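Chemist: Given only the sequences and the hints, what does the whole structure look like? Please build it.
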Amino acid sequence: MSELIKKLSECVEFGKVDKNSPFPPQMKGQDGAFELTEQALKEGIDSQAILEEALVPAMDRVGKKFSENKIFVPQMLMSAKAMGAAMVVLKPYFMSGDIKTKGTFIIGTVFGDLHDIGKNLVAMMIEGSGWSVIDLGVDVSSDKFVETIKENPGAVVGLSALLTTTMVNMEEVTQAIKDASPETKVTIGGAPVNDDFCKKIGADNYSPDPQGVVEWLNKLAS
Amino acid sequence: MKYNKLVIDKPEDLMFGIAPNPVKTRRGLEIGGGAVYAELNFTLPTMSINKDTLTRVNQHYKEIAEGALERALHLNSKGVVLEFETLLEMTQTPSIGIELVKIMNEVCEKYYQQHGLASEIRLTPNDLREFERPALQRTSSLLEPMMELFEEGMLAGGDLLSIESTGGKEVSDEALMMCDIKGLMFALAVLGVRDMQFIWKKISALANKHNKIAAGDSACGFANTAMVLAEKKYIPTVFAALVRVISVVRSIVAVEEGAIGPEKDCGYEGPFLKAITGIPISMEGKTAACAHFSPIGNIAFACTDLWSNESVQNIKLLSGMAPTAYLEQLEYDVRLSNEALRMGKTHSQILQQLLVNSDVYTDPQALILAPENVIKISKSLIKGDTYIANAKNGALTALDIIEEAYNSGQLKLSDMETTYLPILRVDLESIPDDESQFVEMMLPMLDQSKFILAEYGL
Ligand code: B12
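Order-wise, the sequence lines are chains A and B. When we follow this note's numbering, the leftmost residue of the first sequence carries the number 1, and every step to the right adds one. When we follow this note's numbering, the leftmost residue of the second sequence carries the number 223, and every step to the right adds one.
It is possible that part of the hints are untrue.
Stated by the list, open to error - In silico DSSO-like pairs for lysine-lysine, Cα to Cα no more than 27 Å straight-line:
1. A:K81 - B:K404
2. A:K70 - B:K598
3. A:K70 - B:K634
4. B:K404 - A:K19
5. A:K65 - B:K455
6. B:K332 - A:K178
7. B:K246 - B:K431
8. B:K404 - B:K605
9. B:K324 - B:K284
10. B:K672 - A:K91
11. A:K81 - B:K431
12. B:K601 - B:K404
13. B:K508 - B:K227
14. B:K634 - A:K64
15. A:K64 - B:K455
16. A:K200 - B:K232
17. B:K605 - A:K65
18. A:K81 - B:K601
19. B:K300 - A:K81
20. B:K404 - A:K70
21. A:K102 - A:K144
To be verified - Over 12 Å on every C-beta distance to chain A, these chain B residues come out as not near it, computed from the model:
22. R249
23. T265
24. L310
25. E321
26. E331
27. R360
28. E370
29. F420
30. K424
31. L451
32. A547
33. E561
34. E626
Source of the hints: derived by calculation from the structure; they are not laboratory data. Remember, it's a predicted structure, so these values are computed and weren't measured experimentally. The beta-carbon is built from N, C-alpha and C at its ideal position, and this holds for glycine as well.
Modeler: See the structure below:
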């Protein structure tokens, strides 16, 4: 692995967004993910390699550290921001098809429910593992999910709900998705739901945490 | 801030079951008048609320109230508060919520008339305004159904009025995840305070009009959320402890606007409010593990006047329905404290000491709830001239207490936690006391598409 790729990977792992960002203190004044991605492209490193060898492995390490309680969410968010800065530079390569993501993941909190802290974490981890994520926000209707799937054929869908009175809406959403596009895979999560409920409503996967769903998605993609 | 003197200024006077300004209710509960009562919270099991299920919804709440009060009677309870925290549909369509209050009030009245068991309903409509983003805190049409539920619900028998209002949450959600104490200060001491002034003027006016009790408003979406996140190891516990202290200046506004307690259960700023204003409070700890975990299971009881379980679904357990089972657990907890109160000051102080000592050094969030620390921090919380200054002073005193306990070896903190101590101090110290200066400092750092200043009178 080139020195540059290694450095870029570290920037993402430790949340160094760009040269001006004060975080983390020990990397103050150094180039960040933004500059190093530009430099890598300039040096002719393949854009797909930048994603797969620098960014994704870095987020993978971050995810592991987080699941082992070795870092807090703010550090993870800074890493996500650093990855985001690199993605801005890489965007044209995604558009042109030079870089292929693992797939598209559509996520939202089902209608009637406004809880989104957990959903946001899940979205961030999935993005970090090399998927492109469409976050529909909270209080999302069945129609909105179905419409977004139509615009993104082949996408996998994630539903979140935190209330016992809205988890039932997952059934309606899942049904609507399966009716409109039977092959679309649906994964669910949120404090009140479990595996049994997942089976009952005809969803394809339940994960109690972001790590679980990332593993499931990566199996799907491979 | 209106308060510049503590009503309770000695730790030994901060005691469960006793508040300087107790609250008397219609059926004769005297909250803070020498005994602790159970406050039962409950919610629906997995189901949707629509016109096809309404009969079943109504049945659930009737069954919950019947089951709880029958058990309370059997256990010789001195009185019970039933908290009815509404779900979205019950506020959106106020007639649903009002009907549920009516149903439960009939049960309360029956047990009162037939058996002399006193109970009251705390009515807590959910804050619908958070369904609009950016929120229209003052001009939203959603205020209408909320206020209708308050007014008609209190007439239907919901005597204690509460809410977990959400002013400032647009900013605090992200600030919590980023451990951004300045962002939280902005959310709570600027936006939160201003929204509390707005909404509690309305609630107090309605309560006065109908001779009902404006009770209080907890910073659930802020301090409780911080605790739940810290318990999951998502954010540092030292940060969550400071969020709780800062939330005091926001929640106290309800009292400034006319609320008289009991303060709501799930914010944990209650002990500070009790010390500063003398109102009775509700708290939740080990008996709320059905709803969320916490590091303050015992210490939360130390100076409470109502003892709550936060929320449990109406599902069947081996013993019976879950709310009935939780009523029993709460009842045994309060029976113990009431026996200590009956035996006199020495005994209640011993019980309090046990409750405090068993938790105090296990987590910074527990540490700051020890009565002597509550008094120390409360003194700082009233020292300054502005809400911001007070919140900052309170948080800095809490930080001193945490660092002292850590340095003396009593409180163990991981390196991950201690890294945050100096950062939090520097951030707090950088906050100006003056509101307009602080707003000016914060605006460039915040995503201004997320909130509307005018909706906060700014
Ligand atoms: C924070 C919180 C709030 C905040 C939400 C802030 C926000 N922006 O999300 C506020 C204050 C706004 C709020 C409001 C309400 N809340 Co609330 N809230 C909570 C609380 C304390 C924590 C939730 C949380 O954020 N946890 C931390 C995150 C990280 O965990 P998580 O969401 O579980 O997510 C993880 C996993 O579940 C999973 N996951 C999540 N989504 C997905 C999706 C996929 C696809 C996958 C694979 C995995 C996955 O991964 C995440 C990361 O590990 C819970 C208590 C609890 N026990 O959960 C109550 C709780 C859920 N709320 C409750 C209630 C009642 C309400 C209100 C109705 C209160 C009221 N009367 O106003 C309103 C409802 C508003 C609405 N319509 O949605 C009740 C629910 C009771 C019930 N009947 O189900 C709870 C259980 C508290 C209680 N009373 O006991 N709440």
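Chemist: Does the claim that T265 of chain B lies outside the interface with chain A hold up, using a Cβ gap greater than 12 Å?
Modeler: violated (7 Å)
Chemist: Hey, does R360 of chain B actually stay past 12 Å from chain A on C-beta?
Modeler: holds (20 Å)
Chemist: Between the alpha carbons of K332 of chain B and K178 of chain A, is the straight-line distance 27 Å or under?
Modeler: violated (49 Å)
Chemist: Quick check for students: does the CB of L451 of chain B sit more than 12 Å from each CB in chain A?
Modeler: violated (7 Å)
Chemist: Within 27 Å, alpha carbon to alpha carbon, are K404 of chain B and K19 of chain A?
Modeler: Within the cut-off at roughly 24 Å; holds.
Chemist: Need the status of pair K324 of chain B, K284 of chain B: alpha-carbon distance at most 27 Å?
Modeler: The hint holds at about 10 Å.
Chemist: Please verify whether K65 of chain A and K455 of chain B have alpha carbons no more than 27 Å apart.
Modeler: Between K65 of chain A and K455 of chain B the Cα gap is close to 12 Å, so the pair holds against 27 Å.
Chemist: For L310 of chain B, which was marked as not at the interface, is the minimum beta-carbon distance to chain A over 12 Å?
Modeler: violated (6 Å)
Chemist: Was E321 of chain B rightly flagged as not at the interface, with every chain A Cβ beyond 12 Å?
Modeler: holds (17 Å)
Chemist: Does the alpha-carbon distance linking K70 of chain A and K598 of chain B stay inside the 27 Å limit?
Modeler: Violated. K70 of chain A to K598 of chain B sits at ~33 Å, over the 27 Å cutoff.
Chemist: Quickly compare the C-alpha distance for K246 of chain B and K431 of chain B to 27 Å and report which way the hint goes.
Modeler: Holds. K246 of chain B to K431 of chain B sits at ~17 Å (cutoff 27 Å).
Chemist: Against the 27 Å threshold, does the CA-CA distance of K672 of chain B and K91 of chain A hold or violate the hint?
Modeler: At roughly 26 Å apart (the allowed maximum being 27 Å), K91 of chain A and K672 of chain B satisfy the hint.
Violated hints, in rising order: 2, 6, 11, 13, 16, 17, 18, 19, 23, 24 and 31; the structure is consistent with all others.
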